[in-house]
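A.B. asks: Protein chains in written order, with the numbering used here: chain A, 1 to 759; chain B, 1 to 212.
Derived from the structure by calculation, the hints contain no laboratory data. Treat the hints with care, as some may be off.
Stretches of chain A that chain B covers, calculated by requiring three or more beta carbons in the stretch to come under 8 Å of a beta carbon on chain B [claimed, not checked]:
1. 14 to 21
2. 329 to 341
3. 369 to 375
4. 708 to 715
No more than 25 Å apart at the CA atoms, straight line, and that leaves these computed lysine-lysine pairs for BS3-like [as the list claims (entries may be wrong)]:
5. A:K23 / B:K51
6. A:K472 / A:K426
7. B:K51 / A:K9
8. B:K206 / A:K9
9. A:K9 / B:K93
10. B:K199 / A:K37
11. A:K426 / B:K102
12. B:K102 / B:K51
13. A:K676 / A:K617
14. A:K617 / A:K672
15. B:K93 / A:K37
16. A:K672 / A:K623
17. A:K749 / A:K346
18. A:K23 / B:K199
19. B:K51 / B:K93
20. A:K676 / A:K623
21. A:K346 / B:K51
22. A:K23 / A:K37
Even for Gly, the Cβ is constructed at its ideal location relative to N, Cα and C.
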Amino acid sequence: MTDDLNDLKAALDAATPAPDPDKRAAHLRLAEENFDKLQESARPARPTSGRFQKGMQMIFKGLTTRGALTLTTAFVAVGVVVATPFGQDLLFRDNGLTQPEGVELSSVPSKTAAADVVVDSVVEDAAQAIDSSIRPRSRDDEIIAEAPPEPEVSSLVAEAVDDSVPEEFQQSTAPNGSFVGAESEVSSGGGIQITGSAEMGLAGGRRTYDSTSQQPSGANSHSEFNSLTSSHDGALDWAMTQDDQIAPTADSGADAPPPNIYARPFELDENVIVSPAPSPAPPPFIPLGELESVPEVVDTEAFPEAIPSDLKITAEEPVSTFSIDVDTAGYSVVRSSLMAGRMPPKGAVRVEEMINYFPYDYAAPEGDAPFLTSIQVGVSPWNSDRKLVHIGLQGAQVTDRPPLNLVFLIDTSGSMNSANKLPLLKQSFRLMLSELRPQDQVSIVTYAGSAGQVLEATSASERGTILTALDKLSAGGSTAGQAGLQQAYSVAESMASEGEVTRVILATDGDFNVGISNPDALKNYIADKRETGVYLSVLGFGRGNLDDATMQALAQNGNGQAAYIDTLSEAQKVLVDQLTGALFPIANDVKIQVEFNPAEVAEYRLLGYETRALRRKDFNNDKVDAGEIGAGHTVTAIYEVTPVGSPAVLNDPLRYQQVSRDEGSEELGFLKLRYKAPGQDVSQLIQTPLVDGEALDSEARFAAAIAGFAQLLRDEDAYLGDWGYDQAIELALGARGDDPFGYRSEAIKLMRLAQSLDQ
Amino acid sequence: MLFGVVRWIGRFFIRYDNFFQGLTNGARPIEVMRMTVSDEDLAQAAANGDKQAFSSLLNRHYDRLFRLAFRLTGQQAEAEDLTQDICAALPAKLRNYRGEAKFSTWVYRVTVNAAHDRRRRRATYMKASDGWGDWEVNRQAALSESAAQLDWLQRAMNSLSDDLRDTLALILDDVTHAEAAEILGISAGTISWRISEAKKHLRQLKEEEEQV
Numbered sequence: 001m002t003d004d005l006n007d008l009k010a011a012l013d014a015a016t017p018a019p020d021p022d023k024r025a026a027h028l029r030l031a032e033e034n035f036d037k038l039q040e041s042a043r044p045a046r047p048t049s050g051r052f053q054k055g056m057q058m059i060f061k062g063l064t065t066r067g068a069l070t071l072t073t074a075f076v077a078v079g080v081v082v083a084t085p086f087g088q089d090l091l092f093r094d095n096g097l098t099q100p101e102g103v104e105l106s107s108v109p110s111k112t113a114a115a116d117v118v119v120d121s122v123v124e125d126a127a128q129a130i131d132s133s134i135r136p137r138s139r140d141d142e143i144i145a146e147a148p149p150e151p152e153v154s155s156l157v158a159e160a161v162d163d164s165v166p167e168e169f170q171q172s173t174a175p176n177g178s179f180v181g182a183e184s185e186v187s188s189g190g191g192i193q194i195t196g197s198a199e200m201g202l203a204g205g206r207r208t209y210d211s212t213s214q215q216p217s218g219a220n221s222h223s224e225f226n227s228l229t230s231s232h233d234g235a236l237d238w239a240m241t242q243d244d245q246i247a248p249t250a251d252s253g254a255d256a257p258p259p260n261i262y263a264r265p266f267e268l269d270e271n272v273i274v275s276p277a278p279s280p281a282p283p284p285f286i287p288l289g290e291l292e293s294v295p296e297v298v299d300t301e302a303f304p305e306a307i308p309s310d311l312k313i314t315a316e317e318p319v320s321t322f323s324i325d326v327d328t329a330g331y332s333v334v335r336s337s338l339m340a341g342r343m344p345p346k347g348a349v350r351v352e353e354m355i356n357y358f359p360y361d362y363a364a365p366e367g368d369a370p371f372l373t374s375i376q377v378g379v380s381p382w383n384s385d386r387k388l389v390h391i392g393l394q395g396a397q398v399t400d401r402p403p404l405n406l407v408f409l410i411d412t413s414g415s416m417n418s419a420n421k422l423p424l425l426k427q428s429f430r431l432m433l434s435e436l437r438p439q440d441q442v443s444i445v446t447y448a449g450s451a452g453q454v455l456e457a458t459s460a461s462e463r464g465t466i467l468t469a470l471d472k473l474s475a476g477g478s479t480a481g482q483a484g485l486q487q488a489y490s491v492a493e494s495m496a497s498e499g500e501v502t503r504v505i506l507a508t509d510g511d512f513n514v515g516i517s518n519p520d521a522l523k524n525y526i527a528d529k530r531e532t533g534v535y536l537s538v539l540g541f542g543r544g545n546l547d548d549a550t551m552q553a554l555a556q557n558g559n560g561q562a563a564y565i566d567t568l569s570e571a572q573k574v575l576v577d578q579l580t581g582a583l584f585p586i587a588n589d590v591k592i593q594v595e596f597n598p599a600e601v602a603e604y605r606l607l608g609y610e611t612r613a614l615r616r617k618d619f620n621n622d623k624v625d626a627g628e629i630g631a632g633h634t635v636t637a638i639y640e641v642t643p644v645g646s647p648a649v650l651n652d653p654l655r656y657q658q659v660s661r662d663e664g665s666e667e668l669g670f671l672k673l674r675y676k677a678p679g680q681d682v683s684q685l686i687q688t689p690l691v692d693g694e695a696l697d698s699e700a701r702f703a704a705a706i707a708g709f710a711q712l713l714r715d716e717d718a719y720l721g722d723w724g725y726d727q728a729i730e731l732a733l734g735a736r737g738d739d740p741f742g743y744r745s746e747a748i749k750l751m752r753l754a755q756s757l758d759q
Numbered sequence: 001m002l003f004g005v006v007r008w009i010g011r012f013f014i015r016y017d018n019f020f021q022g023l024t025n026g027a028r029p030i031e032v033m034r035m036t037v038s039d040e041d042l043a044q045a046a047a048n049g050d051k052q053a054f055s056s057l058l059n060r061h062y063d064r065l066f067r068l069a070f071r072l073t074g075q076q077a078e079a080e081d082l083t084q085d086i087c088a089a090l091p092a093k094l095r096n097y098r099g100e101a102k103f104s105t106w107v108y109r110v111t112v113n114a115a116h117d118r119r120r121r122r123a124t125y126m127k128a129s130d131g132w133g134d135w136e137v138n139r140q141a142a143l144s145e146s147a148a149q150l151d152w153l154q155r156a157m158n159s160l161s162d163d164l165r166d167t168l169a170l171i172l173d174d175v176t177h178a179e180a181a182e183i184l185g186i187s188a189g190t191i192s193w194r195i196s197e198a199k200k201h202l203r204q205l206k207e208e209e210e211q212v
């Protein structure tokens with residue numbers, strides 16, 4: 001550079017003023033506002049009501065809970081009194097008014113028969129008809145499904161109708177919340193309010209998170225309302241929805257300890273607020289995640305909310321039951337957040353998924369056994385007065401794998417149109433294709449607006465054909481998730497034959513926004529299809545509107561695995577390195593039950609698995625679905641236990657409760673494990689005692705480091721004491737081992753990142 | 001009734017709790033992020049609808065954008081308007097960011113293009129006053145020491161064509177020739193040629209001054 005230029009540079013530098021702070025702030029604000037506007041215009045379905053309107057709605061919602069509710073229910077009661085001379089027929093016809101024409105639903109006198117009559121197509125018709133008629137007017141508003149009446153209210157109603165109502169109806173009114181819809185309001189922009197039974201129909205067709213999942217097996221007079229979203233009988237229904245148990249139900253309270261979890265997938269997208277279910281002891285109100293709480297929300301990611309498993313007192317609750325979980329999405333989401341320089345949303349951090357992301361070198365099973373459990377007990381890294389019980393499952397490697405039928409169900413909606421979604425997806429599948437064998441078959445179904453099969457079932461050896469079909473995919477339109485799934489399953493069923501493994505691989509950014517996008521309806525559909533032996537894996541791509549809750553629910557119900565793919569190396573891990581594990585299940589419905597010995601263990605705590613908790617009695621019930629384990633998979637569960645007499649015991653022993661102690665045994669507890677061989681309906685049992693030990697090996701120590709890291713990310717440091725990121729890094733470094741793929745080194749890098757972000 | 005109201009208020013606070021917290025410590029993560037995350041990752045996240053990423057990204061680049069805007073226009077008010085235009089349009093533009101170029105390069109290109117647009121619009125109704133520099137400000141600064149230097153800067157910049165001025169604005173902002181070429185959408189050779197042209201002009205200007 002010459003002197004002239006240098007002079008000019010110096011002069012320019014001197015002349016350049018600093019930006020005016022006020023202007024700067026105003027410009028940044030303007031940019032953010034425009035950013036918000038853009039997000040909203042890109043997603044027209046999202047309500048755009050002002051905060052004032054929202055506030056007013058909340059006020060009304062708050063006000064209606066008691067007084068108005070009593071009033072409206074009284075009206076309903078009066079209506080019922082009037083209706084009785086005409087019998088239940090009239091009652092049902094009244095409800096039937098909300099059904100679209102041509103749906104044969106009315107005048108079904110028997111309660112249980114009603115549920116059976118309604119078939120899937122009706123579900124869709126009803127939902128869509130209602131959807132289309134309601135949407136245009138109500139898009140600016142929230143549709144709120146409120147909590148059902150308090151017990152006192154229902155009993156009040158029961159009293160009111162006492163004299164004149166047939167006994168049958170009374171029974172169905174009072175107990176377990178058949179008035180779920182009674183309070184739900186659909187208030188449209190024009191101020192139209194529909195109340196009473198019509199509402200139930202609307203809420204039922206439109207979106208009923210609660211009604212299906214809260215419904216215990218007992219049917220009631222409103223069962224046709226429930227059947228709008230669920231075409232299954234009660235028992236199965238319960239089995240399918242138990243994974244995201246909303247709350248302990250009335251009938252479970254007596255013989256089983258109510259599940260301590262409170263997991264609730266919520267979906268911001270539709271702005272539906274769902275309140276807790278009725279229960280004998282209402283669960284505490286849980287602050288919803290920030291996604292739901294902040295009005296000016298930008299992205300529409302949804303993560304299941306789950307209360308962390310709490311410390312249990314062995315004397316009171318000696319048995320802990322859960323389903324295994326081989327999902328890895330939790331870790332990938334955490335990684336993608338941290339890499340983007342933010343702490344992950346707490347709901348996204350699932351301890352068990354973080355732990356199970358990593359392969360561990362456990363002892364492999366011998367002979368025909370599908371897996372081997374290895375148990376270690378050692379001092380807890382964050383509290384030397386406690387111990388960690390480390391349960392590791394190693395799945396057998398499959399040497400001679402059966403032919404595979406894969407249906408790629410690819411989301412090609414407009415939202416997939418960014419570098420880390422559809423293009424990454426194509427690259428990932430290209431990677432995976434090279435792992436398949438000639439006898440494997442591949443088909444591609446896409447969904448966007450309308451679903452369509454892009455590639456007929458093709459042998460994996462015809463690489464060219466498959467790659468061309470993949471390359472032709474382009475993103476555009478909205479997401480008809482349901483139609484896509486239906487088509488994918490029908491293609492899968494046509495490909496399936498004896499001795500082959502058939503699997504639908506759903507690749508999406510989690511945005512199901514057309515058709516029946518009710519997660520419950522989707523779940524029910526998938527759970528139904530599970531019976532046909534088709535597995536479902538869910539691969540999540542991209543951030544922004546990742547609906548983790550739905551992804552989780554789909555994979556859990558579809559006998560599959562949810563993984564989140566943020567980079568090509570993650571695709572390599574999931575689809576190439578661990579392909580056999582991801583695609584070849586070696587044991588289905590694997591459940592673990594641990595009974596702790598009160599003579600040895602005063603308190604215990606399961607790390608993670610909140611969304612996988614099972615009721616005690618579900619362990620032996622083969623109808624209850626649980627997680628699958630794939631070839632070569634490792635699954636790890638960690639309990640933190642406090643030995644009797646340890647200074648770390650938090651709960652004092654009770655004075656009047658005598659704990660019977662089997663002094664002779666030195667076992668910490670007893671592990672029971674149930675699994676089904678693929679294709680079988682009857683489970684097998686494995687039992688092992690938990691014996692005290694002193695040290696954990698490096699695999700277990702690394703798992704412990706990750707568990708600690710996950711708890712730090714969730715801000716659950718109540719049990720960790722002074723143990724922080726430094727100690728986590730140190731522990732993980734010491735236990736890194738071989739780490740041939742670099743997964744563990746990456747985890748340590750993430751710990752360092754989190755440490756610098758979380759200050 | 002009373003119970004309902006109390007419950008509602010409680011709920012309101014619980015529901016908006018995170019929001020309130022966000023208000024109080026919203027600025028904190030940005031500082032940390034500055035060191036850890038690449039612009040490109042943030043831009044990608046922002047393009048996918050991540051508001052926090054967008055905010056921190058813009059925060060990070062605002063000062064440089066403004067500086068470039070000033071160098072392109074020569075007037076503070078004009079630079080502010082230009083920056084405002086860019087801020088307003090950036091969310092939509094970001095959707096087209098495909099991560100092919102460095103984010104700083106990309107955003108500079110956006111700035112240069114916006115400056116060109118503005119210049120074209122101005123040209124239609126303000127042909128006479130087109131040029132580089134802020135006469136008003138300079139007249140006020142006439143008494144200060146730097147007056148002479150500013151005066152020279154202004155004359156120098158005004159003696160250059162728009163193309164040469166834009167190129168200098170970038171090159172003198174420590175942008176490499178290759179990057180400047182990418183930003184302006186021309187070849188690196190053209191950049192070099194423009195620089196030598198600019199030098200020629202400056203030398204000529206100096207000679208004229210010395211003669212006077």
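A.B. asks: When the structure is checked against the list of hints, which entries are broken? Sort them ascending.
C.D. replies: 3, 4, 7, 9, 10 and 18
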